[in-house]
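Each protein sequence line maps, in turn, to chains A and B. Numbered per the numbering used here, the first sequence finishes at 111, counting up by one with no gaps. Numbered per the numbering used here, the second sequence finishes at 116, counting up by one with no gaps.
Simulated from the structure, these hints should not be mistaken for lab results. Please note: incorrect hints may appear among the correct ones.
[To be verified] Okay, derived cross-link-like pairs now, SDA-like style, lysine to any residue, Cα gap no bigger than 25 Å in a straight line:
hint : chain 1 : residue 1 : chain 2 : residue 2
1    : B       : K57       : A       : T94
2    : A       : K42       : A       : V87
3    : B       : K15       : B       : R64
4    : B       : K57       : B       : S38
5    : A       : K42       : B       : N52
6    : A       : K42       : B       : F45
7    : A       : K56       : B       : P104
8    : B       : K17       : B       : N52
9    : A       : K42       : B       : E85
10   : A       : K42       : B       : R69
11   : B       : K17       : B       : K57
12   : B       : K15       : B       : P104
13   : B       : K17       : B       : V89
14   : A       : K42       : B       : S53
15   : A       : K56       : A       : S40
16   : A       : K42       : B       : A54
17   : A       : K42       : B       : R22
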Amino acid sequence: GESVGLHLPTLSVQEGDNSIINCAYSNSASDYFIWYKQESGKGPQFIIDIRSNMDKRQGQRVTVLLNKTVKHLSLQIAATQPGDSAVYFCAEGTSGSRLTFGEGTQLTVNP
Amino acid sequence: GAGVSQSPSNKVTEKGKDVELRCDPISGHTALYWYRQSLGQGLEFLIYFQGNSAPDKSGLPSDRFSAERTGGSVSTLTIQRTQQEDSAVYLCASSARDRGYNQPQHFGDGTRLSIL
């Protein structure tokens with residue numbers, strides 16, 4: 001069936017380093033992809049999204065890359081800070097429909 | 001408030017009781033979603049409302065689960081005859097629409113439901 005999964009369940013980085021969180025998806029019909037950050041006891045917080053007509057989108061300290069050929073999505077966080085420590089989820093969907101979420105990656109930033 | 005509001009934030013109830021969970025979406029958002037998140041897991045889709053269209057109920061796990069959205073705004077998720085496996089965090093999200101495309105979903109902080 002359709003699925004969205006993450007390559008690494010945990011990621012530990014040093015403060016100031018760049019972080020890369022990867023995600024694979026299997027539904028080639030998906031045309032919308034999104035990353036969320038979730039801190040303990042909170043709901044997911046929107047970070048950045050990208051539509052399938054793009055392969056790269058940048059925000060503040062974050063970049064999302066989309067490779068439709070291999071169905072791969074990544075989130076890059078520049079100059080990672082302790083406040084970036086959280087669980088990161090990717091999700092995919094089609095316009096006007098619900099999202100299918102991956103399992104999440106725990107990012108830990110060491111001072 | 002500016003964000004999605006959910007109530008109660010925590011709910012503890014006995015097995016077999018009915019529960020109602022409430023979601024107030026962001027004003028003007030036409031789409032509303034319910035998800036369920038078990039401890040340490042990803043989000044499981046439950047139901048989706050879009051404007052006046054019939055809701056997508058394909059994620060509801062059993063007929064004990066139902067949801068309504070009144071007046072295109074507030075939504076209530078009802079679980080009847082609760083079971084211990086219903087224990088989870090129930091998350092609500094809303095989004096706007098722009099030229100036919102849904103915009104990012106914005107989440108509330110959820111209701112943590114514990115069934116004893």
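Outcome of the hint check:
1. K57/B / T94/A: Holds, because 17 Å separates the two Cα atoms, which is no more than 25 Å.
2. K42/A / V87/A: holds (11 Å)
3. K15/B / R64/B: holds (13 Å)
4. K57/B / S38/B: holds (19 Å)
5. K42/A / N52/B: Since the Cα atoms of K42/A and N52/B sit roughly 30 Å apart, the hinted pair is violated (cutoff 25 Å).
6. K42/A / F45/B: The given pair, whose Cα atoms are some 18 Å apart, holds under the 25 Å limit.
7. K56/A / P104/B: It holds: about 17 Å lies between the C-alpha atoms, which stays within 25 Å.
8. K17/B / N52/B: Violated, at roughly 31 Å.
9. K42/A / E85/B: Status holds; Cα separation ~21 Å.
10. K42/A / R69/B: holds (23 Å)
11. K17/B / K57/B: holds (22 Å)
12. K15/B / P104/B: violated (35 Å)
13. K17/B / V89/B: Given pair K17/B, V89/B holds - Cα atoms ~17 Å apart, limit 25 Å.
14. K42/A / S53/B: violated (30 Å)
15. K56/A / S40/A: violated (29 Å)
16. K42/A / A54/B: violated (30 Å)
17. K42/A / R22/B: holds (17 Å)
Violated hints for the displayed structure, listed by number in ascending order: 5, 8, 12, 14, 15 and 16.
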